[in-house]
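Residues per chain, in single letters:
2 protein chains.
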Amino acid sequence: MQKIVECVPNFSEGKDQKVIHAIFDAAKSDKVKVFELESNPDHNRMLFTIVGEPEDVMNSVFGSIKVATKLIDMNNHKGEHPRIGATDVVPFVPVSGVTMEECVDLSNQLAKNVAEELKIPVFMYEASAKRPEYRNLADVRVGEFEGIKKEMRTPDYGPSEIHPTAGAVVIGARKYLVAFNVNLDTPEVSIAKDIAKKIREKDGGLPGIKALGFLVDGKAQVSMNLVDFEKTNFDQAYRAIEKESKDRGVEIKSSEIYGMIPLESLVAAIKSSFKADTFKSDQVLEKRLYE
Amino acid sequence: MQKIVECVPNFSEGKDQKVIHAIFDAAKSDKVKVFELESNPDHNRMLFTIVGEPEDVMNSVFGSIKVATKLIDMNNHKGEHPRIGATDVVPFVPVSGVTMEECVDLSNQLAKNVAEELKIPVFMYEASAKRPEYRNLADVRVGEFEGIKKEMRTPDYGPSEIHPTAGAVVIGARKYLVAFNVNLDTPEVSIAKDIAKKIREKDGGLPGIKALGFLVDGKAQVSMNLVDFEKTNFDQAYRAIEKESKDRGVEIKSSEIYGMIPLESLVAAIKSSFKADTFKSDQVLEKRLYE
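These protein sequences, in sequence, are chains A and B.
The first sequence begins at -5 in the working numbering and counts up one residue at a time.
The second sequence begins at -5 in the working numbering and counts up one residue at a time.
There's no promise every hint is true.
Since the list gives no way to pick one copy over another, a pair counts as held whenever it fits inside one copy or between any two copies.
[What the hints assert, rightly or not] Straight-line C-alpha distance at most 25 angstroms; calculated BS3-like pairs for lysine-lysine:
(1) K281 <-> K27
(2) K247 <-> K(-3)
(3) K169 <-> K106
(4) K9 <-> K213
(5) K106 <-> K192
(6) K237 <-> K225
(7) K106 <-> K204
It should be emphasised that the hints constitute simulated quantities derived from the structure, not laboratory data.
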């Protein structure tokens, strides 16, 4: 069986199309699939997906990191989304024929390259965390670029000083993560923040849900990561927000599924949404086509 | 984007396993997927599904038609299901990246091949119908093989005489048809029949919905065909039944999606269910990996 890994690097540029495309294009090669470039000017942030064999994916993302290091100066960066560096976070995700341990090894290999060749300090997170307090991305990013510029913490790889323009990078291995934003029909960002707090696992909400409240395009947005869609799927997350919104007299205006998602995450949502317990991904024609 | 077409040919043999498998095997090639062989001795009829790129699917089904023409003699055929020929009906269905017009073209191309190479008269139906009175399959099949043997009607392609053993063939293009059953938590079948009548297109309900009420395993069931999931998708059908059920003091117990479905039908449901207008099937990893 072919080993397939996914990588979804996030970079701190969401406005300048030249920079965005230079970073994106640097990942391309004949050996990997590179797709789903998404950028958001409010978040001032971009991300895309690389899929292929482990070594090829690592080389591909390293190409983009080099370009981002050259073109992004964090001293001039402003955006609503928390970030610690020009290349903000680089997760490796096992897709097929690959264990989590292999993805952890791959993340350590990339971290060494970034540290030695680009002189950027690296923090390891999730399954790759060297310290339990750094498993959670939010905990690694505390203080953001400005915070570690004032007072740097000891990194897992690389110089003990922050890179003057690129900041630091967070690298690791994790389960498939689905980004799902729900936009409320209100400009009151406090409502989104309140609902985010109510539904996220950290504060006693739904298992596998991370959530934050933002103001995006003049609307309050509950921005979520579903870190384990077998525990909480799209439907369960959406219905929870729908209920909390109604309780606060607000309607949901729209939602956005971000980036690439596995078919199983849709199947989980369909089963949940329509009480369709017997439904299976094998019933989807496109899946059977490539068996 | 890859063009994917489905074809579900029906042949007039449901008893002789040698003939059934000879016809089925003739469709197989490296270029298409051939599956879901079903045969019924009472109907004396078989069908299966071919999926792949348009030209490949057409060549695949033509292989089966040649074998069916050789092996089936309609003068000896008896069965409960209406039929007009050895190869009875051949529908092409757009699955992804293909328009209905392209499927109509494909059906005309196959019809020419069948007429010229096999000397079988062909009638075109559904979206491929050349005459409005032949859109509906039942209307094309009136009189069946025995009827057109006595008095042949003018075909759309091929000889004006019936083929002595293979009869005639009906070929066309139609939309994907999805079977979706919703089980109510009540044994009162009258409620299912009532809701079916309320939601089906025929009686002023939802466009593209055919529905009947049944009693299945002691529960009232609304059994639907979604004949155009772009007009009414799983979510819209389910929510309509949910509302009608609530109005009658009944809960939905479960639902069942039957057989193979195209990814786009799930995407339509997800978009509708979560107001996720920007969601696209290209975001599904399994689809993109093999493009």
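>> Within a copy, between copies, both or neither: which one fits K247 and K(-3) at a CA-CA cutoff of 25 angstroms?
In response: Neither, since 38 angstroms and 34 angstroms both go past 25 angstroms.
> 25 angstroms Cα cut-off: does K237 pair with K225 within a copy, between copies, both or neither?
Replying inline: Within. Shortest intra-copy distance 19 angstroms satisfies the 25 angstroms Cα cut-off; inter-copy 28 angstroms does not.
> How would you classify K9 and K213 at a CA-CA limit of 25 angstroms: within, between, both, or neither?
Replying inline: Within one copy only: 19 angstroms inside a chain, 56 angstroms across chains, cut-off 25 angstroms.
> How would you label the pair K106, K204 (within, between, both, or neither) given a Cα cut-off of 25 angstroms?
Replying inline: neither (29 angstroms within a copy, 59 angstroms between copies)
> Given identical chains, is K281 near K27, meaning Cα to Cα at most 25 angstroms, within a copy, between copies, both, or neither?
Replying inline: The answer is both: 16 angstroms in one copy and 11 angstroms across copies each meet 25 angstroms.
> Under a CA distance limit of 25 angstroms, which applies to K169 and K106: within one copy, between copies, both, or neither?
Replying inline: within (22 angstroms within a copy, 53 angstroms between copies)
>> When Cα atoms must be at most 25 angstroms apart, do K106 and K192 count as within-copy, between-copy, both, or neither?
In response: neither (39 angstroms within a copy, 64 angstroms between copies)
In this structure, the hints that do not hold are numbers 2, 5 and 7, in rising order.
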